[in-house]
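Going down the list, the protein sequences come from chains A and B.
Residue 126 in the working numbering is what sits at position 126 of the first sequence, and the numbering runs on without skipping anything.
Residue 167 in the working numbering is what sits at position 167 of the second sequence, and the numbering runs on without skipping anything.
Heads up, a few of these hints could be off.
[As the list claims (entries may be wrong)] Derived coverage of chain A by chain B (criterion: at least 3 residues anywhere in the stretch with Cβ under 8 Å from a Cβ of chain B; other residues may be distant):
| id | segment |
| --- | --- |
| 1 | 120 to 134 |
| 2 | 145 to 158 |
| 3 | 165 to 172 |
| 4 | 225 to 234 |
[Claimed, not checked] Taking lysine-lysine pairs in the DSS-like style, the calculated list, with each CA pair at most 30 Å apart, reads:
| id | chain 1 | residue 1 | chain 2 | residue 2 |
| --- | --- | --- | --- | --- |
| 5 | B | Lys134 | A | Lys74 |
| 6 | B | Lys134 | A | Lys134 |
| 7 | B | Lys74 | A | Lys135 |
| 8 | A | Lys74 | B | Lys135 |
None of these hints come from the bench; they were simulated from the model.
Quantities reported herein were computed from a predicted structural model and do not represent experimental measurements.
The beta carbon of each residue, even a glycine, is placed where N, CA and C say it ideally should be.
There are 2 protein chains.
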Amino acid sequence: MIETPYLLYLGHSQDPADIKTSRGLAVFRPDICVGEYRHDDCPLTLDLPRMDFAAARAAGARTLVLGIANAGGKLGEALILDALAALEAGLDIASGLHHRLNAEPRLAEAAARLGRQLHDVREPRPDLPIGNGKKRAGKRLLTVGTDCSVGKMYTTLCLASALARRGVAADFRATGQTGILVAGDGVPLDAVIADFISGAIEQVSPARSDDGWDLIEGQGSLYHPSFAGVSTGLLHGAQPDALVLCHDPVRPHMRGLPHYPLPGIAETIEANLRVARLTNAEVRVVGIALNTSAMPEDEARALCASIEAEFALPTSDPYRFGVEAILDRLLETGVAAPGVAANA
Amino acid sequence: MIETPYLLYLGHSQDPADIKTSRGLAVFRPDICVGEYRHDDCPLTLDLPRMDFAAARAAGARTLVLGIANAGGKLGEALILDALAALEAGLDIASGLHHRLNAEPRLAEAAARLGRQLHDVREPRPDLPIGNGKKRAGKRLLTVGTDCSVGKMYTTLCLASALARRGVAADFRATGQTGILVAGDGVPLDAVIADFISGAIEQVSPARSDDGWDLIEGQGSLYHPSFAGVSTGLLHGAQPDALVLCHDPVRPHMRGLPHYPLPGIAETIEANLRVARLTNAEVRVVGIALNTSAMPEDEARALCASIEAEFALPTSDPYRFGVEAILDRLLETGVAAPGVAANA
Numbered sequence: 001m002i003e004t005p006y007l008l009y010l011g012h013s014q015d016p017a018d019i020k021t022s023r024g025l026a027v028f029r030p031d032i033c034v035g036e037y038r039h040d041d042c043p044l045t046l047d048l049p050r051m052d053f054a055a056a057r058a059a060g061a062r063t064l065v066l067g068i069a070n071a072g073g074k075l076g077e078a079l080i081l082d083a084l085a086a087l088e089a090g091l092d093i094a095s096g097l098h099h100r101l102n103a104e105p106r107l108a109e110a111a112a113r114l115g116r117q118l119h120d121v122r123e124p125r126p127d128l129p130i131g132n133g134k135k136r137a138g139k140r141l142l143t144v145g146t147d148c149s150v151g152k153m154y155t156t157l158c159l160a161s162a163l164a165r166r167g168v169a170a171d172f173r174a175t176g177q178t179g180i181l182v183a184g185d186g187v188p189l190d191a192v193i194a195d196f197i198s199g200a201i202e203q204v205s206p207a208r209s210d211d212g213w214d215l216i217e218g219q220g221s222l223y224h225p226s227f228a229g230v231s232t233g234l235l236h237g238a239q240p241d242a243l244v245l246c247h248d249p250v251r252p253h254m255r256g257l258p259h260y261p262l263p264g265i266a267e268t269i270e271a272n273l274r275v276a277r278l279t280n281a282e283v284r285v286v287g288i289a290l291n292t293s294a295m296p297e298d299e300a301r302a303l304c305a306s307i308e309a310e311f312a313l314p315t316s317d318p319y320r321f322g323v324e325a326i327l328d329r330l331l332e333t334g335v336a337a338p339g340v341a342a343n344a
Numbered sequence: 001m002i003e004t005p006y007l008l009y010l011g012h013s014q015d016p017a018d019i020k021t022s023r024g025l026a027v028f029r030p031d032i033c034v035g036e037y038r039h040d041d042c043p044l045t046l047d048l049p050r051m052d053f054a055a056a057r058a059a060g061a062r063t064l065v066l067g068i069a070n071a072g073g074k075l076g077e078a079l080i081l082d083a084l085a086a087l088e089a090g091l092d093i094a095s096g097l098h099h100r101l102n103a104e105p106r107l108a109e110a111a112a113r114l115g116r117q118l119h120d121v122r123e124p125r126p127d128l129p130i131g132n133g134k135k136r137a138g139k140r141l142l143t144v145g146t147d148c149s150v151g152k153m154y155t156t157l158c159l160a161s162a163l164a165r166r167g168v169a170a171d172f173r174a175t176g177q178t179g180i181l182v183a184g185d186g187v188p189l190d191a192v193i194a195d196f197i198s199g200a201i202e203q204v205s206p207a208r209s210d211d212g213w214d215l216i217e218g219q220g221s222l223y224h225p226s227f228a229g230v231s232t233g234l235l236h237g238a239q240p241d242a243l244v245l246c247h248d249p250v251r252p253h254m255r256g257l258p259h260y261p262l263p264g265i266a267e268t269i270e271a272n273l274r275v276a277r278l279t280n281a282e283v284r285v286v287g288i289a290l291n292t293s294a295m296p297e298d299e300a301r302a303l304c305a306s307i308e309a310e311f312a313l314p315t316s317d318p319y320r321f322g323v324e325a326i327l328d329r330l331l332e333t334g335v336a337a338p339g340v341a342a343n344a
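Bound conformation, chain A alone (with noise of 0.2 Å):
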């Protein structure tokens, strides 16, 4: 277990997206983070108290959390050098980046010196099962998107929370490493082995029997070229009966990489429904979620009923607008087609 409360790393980020694990620690669970670092070249902030490690662990923090991302998830120099001095001041460090902790010498080194704890988030269990598509008992709903980083986490988390108030038992299943940081436990799915990614959210998501729900984290997107095979094993392996679509509207293209051009709604809904039937023949989709942060709240609300009405799907930003109407939608009985009716 991770000691709470956090610290919540910035560091020398530049990029509002680079910094997506620990904005959603921010969002997500206030209650347990005391402080953010940041370097003086960081223009970002999560609106927590600037910290750094000596007074946030006089402020009670445990863990610092290095909730930030960058290509490739190497730790460089400059991150490594926080990280011992966190240390030093008492700190445990989490981290969610794929190069791991425990594999950076100076850092085993000064944790096992100063009785402290490095946990990789991004550490797969190690018996993880090949995944055998076998129909298992319960409700799941995934969240998909036209792109990476486009509200999956956060649509994921909102619904949880809303099914939660109608007193329908729900299951948040995180499937990246914020998530995890959030829900205390789940599946990094980016770092588990090729052959194990519909096994390991067969794993993060069992049968059930007591009518609630499991809520998967979605992955990454069928579209995007460097990513689109986890989404395939994550759809595989969710047997999804509900998929929530989830969608940036000013996202200028393919999430690093200029030369891909973002897909339409309309065929990224075909090509989940598509490739989420080989497992769950049943599968429809419920809703459609987007990122309107970006936008005035009057343009938000006009985008999503037009939306709205073009798809014949409850259309929300779940963050700014909430999910009750993609609720109304998923709980309703005796929905007959499957799949997007507009559009099929």
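Knowing the structure of chain A, use the given hints to seat chain B on it.
Okay, now just chain B, sitting in the frame of chain A:
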């Protein structure tokens, strides 16, 4: 480098599909295989001299190849004891199983004590990039399949040999353990971390400008719920100009999954073209490869003719009847329409 010649391990295997790696080496590199090792309960043979470890060493063998597959790629106790005996007899060990030889303390200890090598062929390079999907120079062919283990490696190797006989520069790009042992290089794709699947293929099949072909060994199937993620990333990383569809006409169900029927040829072609177009809009199918080893010759020839007529694509059992018609289609110039006219 793995020292040759090889002794091929069959062990206690009962299912011909489980000795795929050993058989592939016996078929494609008979020049470097001195014998086979099997227990009395093993009904299978590669028609190589049966030898124990000491006799194999005396006959010149340098490495025991654990060329067998089993669910999950585990190193069982029987396998470990055999490997220990082989080390004691003076052989190195090479393995393509998921479970690493070097992770088994008894093997690591014995190898160190005896000065022997343990080769984990399924250990990917540590420096794999994330795929970028950027169009790269050169011509690439990828084999795809209705299922796992339907002849993708055989087909790819046959195509490489036949192209070379025509004087066309051609490189076989291995993506599985047998292929790597045959070719001496490649990427063990099913052991790569999920985020790096397409990047690994971009690396193993780099840009080329000599007007030759990269022939990339396919893996899995878009219709196999355990492994479709691997197949998806492989299609995106390969950016194939040409696909050859591989199919086993007598396979009763998806490998290992009695609850999943095989997809049809037409839908498999369509699904692969759809996924492949994300990174190469000009991809086309140039042939169908059938594994007819379970059928009499006249029946096999009739089936090839029938499927060839149905899909308007050159169809053959590459190992039994050659790949000349497929190569003719591949090397045709001025082919206008991508895809398969009969199924578009």
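Taking the hints in turn, this is what the structure says about them:
Counting residues of the segment 120 to 134 of chain A whose CB lies closer than 8 Å to any CB of chain B gives 6, so the stated coverage by that chain holds, three being the minimum. Coverage of a stretch by a chain is defined here by at least three residues with a beta carbon nearer than 8 Å to that chain's beta carbons; for the segment 145 to 158 of chain A and chain B the count is 0, and the condition is violated. Coverage of the segment 165 to 172 of chain A by chain B is violated in this model, with 0 residues showing a Cβ closer than 8 Å to a Cβ of that chain against a need of three. With 10 residues carrying a beta carbon less than 8 Å from a beta carbon of chain B, the segment 225 to 234 of chain A meets the three-residue requirement, and the given coverage holds.
For the proposed pair lysine 134 (chain B) and lysine 74 (chain A), the alpha carbon gap of about 22 Å is at most 30 Å, so the pair holds. Between lysine 134 (chain B) and lysine 134 (chain A) the alpha-carbon distance is near 37 Å, which puts this suggested pair outside the 30 Å criterion. Note on lysine 74 (chain B) and lysine 135 (chain A): the hinted pairing holds, with a Cα-Cα distance of about 25 Å set against a maximum of 30 Å. Proximity of lysine 74 (chain A) to lysine 135 (chain B) is assessed by CA-CA distance (about 25 Å); at most 30 Å being required, the pair is judged to hold.
Figure legend: structure checked against the earlier numbered hints; hints not met, in rising order: 2, 3 and 6.
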